[in-house]
Amino acid sequence: LLSDFGLKDPYMPEIKAAILTICPEARIVDISHSIEKFNVRMGAFVLASVAPYSPAGTVHVAVVDPGVGTERRALLVQTKRAFYTGPDNGLLMLAAQKGGIIHTYAITNSEFMLPTVSSTFHGRDVFAPAAAHLLSGVSPKQFGPEISDFEVPRFAKPTRQTGRLVGEVLHVDDFGNIITNISEEDLSKARMKTGKTLAVDMKNEHLKVNLCRTYGDAAPKSVLMLVDSHGFLELAVNQGNASRRFRVNAGDTVHVSLT
Amino acid sequence: LLSDFGLKDPYMPEIKAAILTICPEARIVDISHSIEKFNVRMGAFVLASVAPYSPAGTVHVAVVDPGVGTERRALLVQTKRAFYTGPDNGLLMLAAQKGGIIHTYAITNSEFMLPTVSSTFHGRDVFAPAAAHLLSGVSPKQFGPEISDFEVPRFAKPTRQTGRLVGEVLHVDDFGNIITNISEEDLSKARMKTGKTLAVDMKNEHLKVNLCRTYGDAAPKSVLMLVDSHGFLELAVNQGNASRRFRVNAGDTVHVSLT
Amino acid sequence: LLSDFGLKDPYMPEIKAAILTICPEARIVDISHSIEKFNVRMGAFVLASVAPYSPAGTVHVAVVDPGVGTERRALLVQTKRAFYTGPDNGLLMLAAQKGGIIHTYAITNSEFMLPTVSSTFHGRDVFAPAAAHLLSGVSPKQFGPEISDFEVPRFAKPTRQTGRLVGEVLHVDDFGNIITNISEEDLSKARMKTGKTLAVDMKNEHLKVNLCRTYGDAAPKSVLMLVDSHGFLELAVNQGNASRRFRVNAGDTVHVSLT
Numbered sequence: 028l029l030s031d032f033g034l035k036d037p038y039m040p041e042i043k044a045a046i047l048t049i050c051p052e053a054r055i056v057d058i059s060h061s062i063e064k065f066n067v068r069m070g071a072f073v074l075a076s077v078a079p080y081s082p083a084g085t086v087h088v089a090v091v092d093p094g095v096g097t098e099r100r101a102l103l104v105q106t107k108r109a110f111y112t113g114p115d116n117g118l119l120m121l122a123a124q125k126g127g128i129i130h131t132y133a134i135t136n137s138e139f140m141l142p143t144v145s146s147t148f149h150g151r152d153v154f155a156p157a158a159a160h161l162l163s164g165v166s167p168k169q170f171g172p173e174i175s176d177f178e179v180p181r182f183a184k185p186t187r188q189t190g191r192l193v194g195e196v197l198h199v200d201d202f203g204n205i206i207t208n209i210s211e212e213d214l215s216k217a218r219m220k221t222g223k224t225l226a227v228d229m230k231n232e233h234l235k236v237n238l239c240r241t242y243g244d245a246a247p248k249s250v251l252m253l254v255d256s257h258g259f260l261e262l263a264v265n266q267g268n269a270s271r272r273f274r275v276n277a278g279d280t281v282h283v284s285l286t
Numbered sequence: 028l029l030s031d032f033g034l035k036d037p038y039m040p041e042i043k044a045a046i047l048t049i050c051p052e053a054r055i056v057d058i059s060h061s062i063e064k065f066n067v068r069m070g071a072f073v074l075a076s077v078a079p080y081s082p083a084g085t086v087h088v089a090v091v092d093p094g095v096g097t098e099r100r101a102l103l104v105q106t107k108r109a110f111y112t113g114p115d116n117g118l119l120m121l122a123a124q125k126g127g128i129i130h131t132y133a134i135t136n137s138e139f140m141l142p143t144v145s146s147t148f149h150g151r152d153v154f155a156p157a158a159a160h161l162l163s164g165v166s167p168k169q170f171g172p173e174i175s176d177f178e179v180p181r182f183a184k185p186t187r188q189t190g191r192l193v194g195e196v197l198h199v200d201d202f203g204n205i206i207t208n209i210s211e212e213d214l215s216k217a218r219m220k221t222g223k224t225l226a227v228d229m230k231n232e233h234l235k236v237n238l239c240r241t242y243g244d245a246a247p248k249s250v251l252m253l254v255d256s257h258g259f260l261e262l263a264v265n266q267g268n269a270s271r272r273f274r275v276n277a278g279d280t281v282h283v284s285l286t
Numbered sequence: 028l029l030s031d032f033g034l035k036d037p038y039m040p041e042i043k044a045a046i047l048t049i050c051p052e053a054r055i056v057d058i059s060h061s062i063e064k065f066n067v068r069m070g071a072f073v074l075a076s077v078a079p080y081s082p083a084g085t086v087h088v089a090v091v092d093p094g095v096g097t098e099r100r101a102l103l104v105q106t107k108r109a110f111y112t113g114p115d116n117g118l119l120m121l122a123a124q125k126g127g128i129i130h131t132y133a134i135t136n137s138e139f140m141l142p143t144v145s146s147t148f149h150g151r152d153v154f155a156p157a158a159a160h161l162l163s164g165v166s167p168k169q170f171g172p173e174i175s176d177f178e179v180p181r182f183a184k185p186t187r188q189t190g191r192l193v194g195e196v197l198h199v200d201d202f203g204n205i206i207t208n209i210s211e212e213d214l215s216k217a218r219m220k221t222g223k224t225l226a227v228d229m230k231n232e233h234l235k236v237n238l239c240r241t242y243g244d245a246a247p248k249s250v251l252m253l254v255d256s257h258g259f260l261e262l263a264v265n266q267g268n269a270s271r272r273f274r275v276n277a278g279d280t281v282h283v284s285l286t
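Residue numbers (the numbering used here), protein chains in the order written: chain G, 28 to 286; chain B, 28 to 286; chain A, 28 to 286.
Wrong hints could be hidden among the right ones.
Pairs of lysine-lysine, DSS-like flavour, derived with a Cα cap of 30 angstroms [as the list claims (entries may be wrong)]: (1) A/64 with G/248; (2) B/64 with A/107; (3) G/35 with A/35; (4) G/35 with B/248; (5) A/184 with G/223; (6) G/64 with B/168; (7) G/35 with B/64; (8) G/64 with B/248; (9) A/64 with G/220; (10) B/64 with A/35; (11) B/35 with G/248; (12) A/230 with A/64; (13) B/64 with A/216; (14) A/168 with B/64; (15) G/230 with A/35; (16) B/35 with A/248; (17) A/125 with B/35; (18) B/125 with G/35; (19) B/35 with G/64; (20) B/230 with A/248; (21) G/35 with B/184; (22) G/235 with A/64; (23) A/64 with G/35; (24) G/64 with B/230; (25) G/64 with B/107; (26) G/35 with G/107; (27) B/35 with A/35; (28) A/107 with B/248; (29) A/35 with G/248.
No lab work stands behind these hints, which were simulated from the structure alone.
Bear in mind the structure is a predicted one, so any value in this text is a computation, not a measurement.
Build the full structure now, drawing on both the sequences and the hints.
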């Protein structure tokens, strides 16, 4: 389960209650309910990070849904190892495309929804019941027609210019680590290897930073870069908070070059 | 499980550990542990919202308990579909009354408490063990004497005056949506239907707002009203935060009339 | 599971996903993921508070790990009733020593790690898989060599001086209650009994406070002391926040004497 519902309200436990009523044997695992409100991109990033580690057969229910109750469709996506239910706004598709999409269905069959469907809470009334019925053995094609014109989230790819990589900030984590969209492979093609010093330009900051293997390779409170545990270039402060120091947000541009 | 314990301290996991020690097969689901400290009314509202969606036979353990260790009693309530354990301060009763109370017991039998009962943490020492023993098959009447003079929470009912409804704010959710105690039925009796424009007075605010079906019916960042997923009139900002814009809190008075 | 990962990022659900992939029957219970970043001492305190209430055979996975990827070892500790996996920085040892350590192993056998071990996220790649394999029946000694030179956390013991106890603040909980390292036994030896008035010196505060049995023994918003649910002397404000009123933090010195 992933959402932007926060942790104080009844919304997420209502989803869990709806699932367990339909499928009492369901094993429920929270991914995060602290996705920034309406931030589909952040939700897609977090879901795609966790999905590869999930057991085969996992049904992911994701709800960051500013268009609830409008014309946007409800989706059920089947990939090689997993299922996804949620709104058709790109939220599911970063993870699903990485996992290899087999079928995508629009959920329209009211037999697999709660008896009364509100116009503001499809997480409880549509997505969660679909997931629970799927876990109970209902075949994916029973939920509605197959479609192919679903929304896909737009995430910038880094570009390579003479002598430098131009990327952007993908996510700022709870430690303040600044995660970019520059992958280990991008770095390797640009000959930026662990041990080298990189020149980094972001906003008004011009930094020279060592590309390290881990946080503890830098002195406490000093700045470093490393390849993070998902394979992306990350700017961090050992035992400190890089985001607070450099005031960088998701979406900001980052230039990296060899020194 | 519902509480005002927050998420950083050992209190809630101690409750879970106590339950699983007594009843290893228990399925534990968190409702919320971010209820405002000592806010019995908010706890009662959140519990009553989730309870109708819970599977039959659920045992709810709720702890918002400023009177712990004083003369206030510990309760076990049996309704048509569920059980509730918690303090006798009204916290359980909004949900339990909606669910149809069959029996209410004062928990006094120390056989079903932890061996040492602290004076400050009955969640772990009294309510959780009672719930776990109940799940393990102990009969409700074994926990203590039946009582009928329990506390009930006082929630204002909206009143209808010439041409307008006078209600109050029941809850402000994590999105900043302002949920009132005015129900779909109240609106319908006052002929306030989706599509109409309502005049809303709260504090120093005088607003004219459309009664919509869902958030996306209003332009992004503009104000709307709708009937929320629990059947209550809600003031919201599409993809924004109404509570921050209007500085309204739970308990504030709201006047609504047709324009 | 205990960590300083917070609740918005993919890190903790990746740990859960890794566990359930290896051991689908694992029952996962969160202790806290809101430990202050890099605060090993707070993590050790919270883990040690919960551990005694956990069912026999529990495997605790704890990750507050500023030294990840450096020379610090990964540990598997076996106590009389439980197992612990986590970094060798003292985090596990307050709980483990209380529980009676039988064996401590350095986790070195890559057979029980994820296929690719990152240098920044051993929670997912080393500690969680070890816990899951342990739950699946792998013998503790298969994980690596037994060791005895592990790190232990340093927590001050209170001292007794003429007529007073000198302790320190162990933890400030989410209610703002100030928990000291002065135990019920220390109080009893110093003849400080419930009902007496104590003189308390912290920072620039000189207070006279009643030693009560529970919060409700003091008037709302007034200051009290009591023995908390783990047996430590605590300074609190009934239905208020003592930490905010007195601006005291973990580590601060507290002097207590009879009046």
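Now the hints, each set against the structure:
1. Restraint check for residue 64 of chain A and residue 248 of chain G: satisfied, since their Cα atoms lie roughly 13 angstroms apart, inside the 30 angstroms limit.
2. Of the supplied pair hints, the one linking residue 64 of chain B and residue 107 of chain A is violated, its CA atoms being roughly 37 angstroms apart against a limit of 30 angstroms.
3. A distance of roughly 14 angstroms separates the Cα atoms of residue 35 of chain G and residue 35 of chain A; the hinted pair therefore holds under the 30 angstroms criterion.
4. Of the supplied pair hints, the one linking residue 35 of chain G and residue 248 of chain B holds, its CA atoms being roughly 23 angstroms apart against a limit of 30 angstroms.
5. Under the criterion of a C-alpha separation no larger than 30 angstroms, the hint pairing residue 184 of chain A with residue 223 of chain G is inconsistent with the structure, at around 46 angstroms.
6. Restraint check: the Cα-Cα separation between residue 64 of chain G and residue 168 of chain B comes to about 46 angstroms, which exceeds 30 angstroms; the hinted pair is violated.
7. Taking the CA atoms of residue 35 of chain G and residue 64 of chain B, the gap is about 12 angstroms. The hint holds against a cut of 30 angstroms.
8. The hinted pair formed by residue 64 of chain G and residue 248 of chain B meets the criterion: a straight-line CA distance of about 13 angstroms does not exceed 30 angstroms.
9. Taking the CA atoms of residue 64 of chain A and residue 220 of chain G, the gap is about 29 angstroms. The hint holds against a cut of 30 angstroms.
10. Proximity of residue 64 of chain B to residue 35 of chain A is assessed by CA-CA distance (about 22 angstroms); at most 30 angstroms being required, the pair is judged to hold.
11. With a C-alpha separation of about 25 angstroms, the suggested pair residue 35 of chain B and residue 248 of chain G falls inside the 30 angstroms cut-off, and the hint holds.
12. About 25 angstroms separates the Cα atoms of residue 230 of chain A and residue 64 of chain A, which keeps this hinted pair within 30 angstroms; it holds.
13. Pair hint residue 64 of chain B plus residue 216 of chain A does not hold up; C-alpha atoms about 34 angstroms apart against a cutoff of 30 angstroms.
14. With a C-alpha separation of about 46 angstroms, the suggested pair residue 168 of chain A and residue 64 of chain B falls outside the 30 angstroms cut-off, and the hint is violated.
15. Annotation: proposed proximity of residue 230 of chain G to residue 35 of chain A holds, straight-line Cα distance about 25 angstroms (limit 30 angstroms).
16. Taken as a hint, the residue 35 of chain B and residue 248 of chain A pair is honoured in the structure, with Cα atoms around 23 angstroms apart against an allowance of 30 angstroms.
17. Under the criterion of a C-alpha separation no larger than 30 angstroms, the hint pairing residue 125 of chain A with residue 35 of chain B is consistent with the structure, at around 21 angstroms.
18. Between the alpha carbons of residue 125 of chain B and residue 35 of chain G the distance comes to roughly 21 angstroms, so the proposed pair stays at or under 30 angstroms and holds.
19. For a cut-off of 30 angstroms, the pair hint linking residue 35 of chain B to residue 64 of chain G stands: about 22 angstroms separates their Cα positions.
20. Among the hinted pairs, residue 230 of chain B with residue 248 of chain A is consistent with the structure: their alpha-carbon atoms are about 28 angstroms apart, no more than 30 angstroms.
21. Distance restraint check for residue 35 of chain G and residue 184 of chain B: the Cα-Cα separation of roughly 24 angstroms lies within the 30 angstroms cut-off, and the hinted pair is therefore satisfied.
22. Of the supplied pair hints, the one linking residue 235 of chain G and residue 64 of chain A holds, its CA atoms being roughly 26 angstroms apart against a limit of 30 angstroms.
23. Pair hint residue 64 of chain A plus residue 35 of chain G holds up; C-alpha atoms about 22 angstroms apart against a cutoff of 30 angstroms.
24. Pair hint residue 64 of chain G plus residue 230 of chain B holds up; C-alpha atoms about 27 angstroms apart against a cutoff of 30 angstroms.
25. Of the pairs offered as hints, the one joining residue 64 of chain G and residue 107 of chain B is violated, with about 37 angstroms between alpha carbons and a cut-off of 30 angstroms exceeded.
26. Between residue 35 of chain G and residue 107 of chain G the alpha-carbon distance is near 35 angstroms, which puts this suggested pair outside the 30 angstroms criterion.
27. Of the supplied pair hints, the one linking residue 35 of chain B and residue 35 of chain A holds, its CA atoms being roughly 14 angstroms apart against a limit of 30 angstroms.
28. At roughly 58 angstroms between alpha-carbon atoms, residue 107 of chain A and residue 248 of chain B are farther apart than 30 angstroms, so this suggested pair is violated.
29. The hinted pair formed by residue 35 of chain A and residue 248 of chain G meets the criterion: a straight-line CA distance of about 23 angstroms does not exceed 30 angstroms.
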